[in-house]
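Protein chains: 2
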Amino acid sequence: MAPSSKLKTPAQINNMDYEEFIDVFGNVIEHCSLCAAAVWRYRPFKDVKYLHEEICKFVDQLPPAGGEGILRSHPDLAGRAASEGLLTKESNQEQRAAGLSDLTQEERKQLAQMNDMYRSKFGFPFVICARKNKKDVILEGLRTRLNNSQEAELQKGLTEVKKICYLRLLDLVEHDGIESRL
Amino acid sequence: MAPSSKLKTPAQINNMDYEEFIDVFGNVIEHCSLCAAAVWRYRPFKDVKYLHEEICKFVDQLPPAGGEGILRSHPDLAGRAASEGLLTKESNQEQRAAGLSDLTQEERKQLAQMNDMYRSKFGFPFVICARKNKKDVILEGLRTRLNNSQEAELQKGLTEVKKICYLRLLDLVEHDGIESRL
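First to last, the protein sequences are chains G and C.
For the first sequence, the positions run 1 to 182 when my numbering is used.
For the second sequence, the positions run 1 to 182 when my numbering is used.
Hints may contain errors.
One copy or two, either will do: identical chains are not told apart, so a pair holds if it fits within one copy or between any two.
Stated by the list, open to error - For lysine-lysine, the following DSBU-like pairs were computed, each having C-alpha atoms within a straight-line distance of at most 30 Å: (1) Lys121 x Lys8; (2) Lys49 x Lys121; (3) Lys121 x Lys46; (4) Lys134 x Lys57; (5) Lys8 x Lys109; (6) Lys46 x Lys89; (7) Lys57 x Lys162.
Since the hints were derived computationally from the structure, they do not count as laboratory data.
Go ahead and model the full structure; you've got the sequences and the hints to work with.
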């Protein structure tokens, strides 16, 4: 989504000071700048894939409460934050790309009901990589995933978080057609 | 620091929805709202001490990169963020309380030099509970702690983070003279 002229090269990233690094990468995991702060120790980053892998490793090392905390830091799809204009710019773009800003009244109602059921069953919101899915697939995925166990949904949600992170990184860092690995 | 009329009771905290909880407690660990997001699962909180303990347990369960990330999320004392007015309101109050907004030119220079030495030796900034110390003690503490090992300073820094967190919680939650446990 970012214009390619703005993409950072690995050399530019490795020359950033800490504050700049956090300004640029602090929200690749939604509202969890601690993840970028943690991987700062793994510089130099040879490419975007390596940076992504270090972030994923950190997420995987968190205790379960931390994984849940990451999921809780995500907004509901087409939820209150969206309708009140309180989404981060990344979430806003992603939800629009999936067609979630363009739901029928019936779809919006269904989504809200299932979001509530999901959150009350699992203790965190439903998270899916919106840019890799369209609204019909998202609604169907939510319906299906409501049947899973808490443990399975914690893992599934974090897998989606890592995909979201990867796409956000590709919007920020120079790369060579590696999006297809998702 | 917060007027006592604004202090939340445990019952009020346990009745908060998630967004309100994060609005209120998201910065008790500086710039690391993930910590509050993680402990949401441990409601109900019977008192401020219990809430603090759950946050400390979460911090202790983080891998070393996460502990370092927490320290990196703290500003330098009397550093660039302070001089540019970019501190969080909590940090600003704490640094003022320690007399760090009122350094002589010589003290400011010494502190900046030692902050730089500390950060380049350890890979994270010097963190101390400013409200529990005055500027002379802070300068002396920094000088001494520069001699420690990286592992010792990671633990020492996180111990200070937990004290800062406790005092921030006491500014937010009703309590009965338990500040002395620090």
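Quiz item: Under a CA distance limit of 30 Å, which applies to Lys49 and Lys121: within one copy, between copies, both, or neither?
Solution: This pair counts as between: shortest inter-copy Cα distance 28 Å, intra-copy 34 Å.
Quiz item: From the Cα coordinates, with 30 Å as the cut-off, is the pair Lys121 and Lys46 best called within, between, both, or neither?
Solution: This pair counts as between: shortest inter-copy Cα distance 23 Å, intra-copy 41 Å.
Exercise. At 30 Å max between alpha carbons, let me know whether Lys121 reaches Lys8 within a copy, between copies, both or neither.
Key: between (41 Å within a copy, 28 Å between copies)
Quiz item: With identical chains treated as interchangeable, where does the CA-CA distance between Lys46 and Lys89 reach 30 Å or less: within a copy, between copies, both, or neither?
Solution: within (27 Å within a copy, 37 Å between copies)
Self-check item: Up to 30 Å CA-CA - Lys162 versus Lys57, copy category
Solution: both (10 Å within a copy, 25 Å between copies)
Quiz item: Which holds for Lys134 with Lys57 at a C-alpha limit of 30 Å: within a copy, between copies, both or neither?
Solution: within (28 Å within a copy, 40 Å between copies)
Quiz item: Is it within a copy, between copies, both, or neither that the alpha carbon of Lys8 lies no farther than 30 Å from that of Lys109?
Solution: Intra 41 Å, inter 34 Å, cutoff 30 Å: neither.
Of the numbered hints listed earlier, the single one contradicted by the structure is hint 5.
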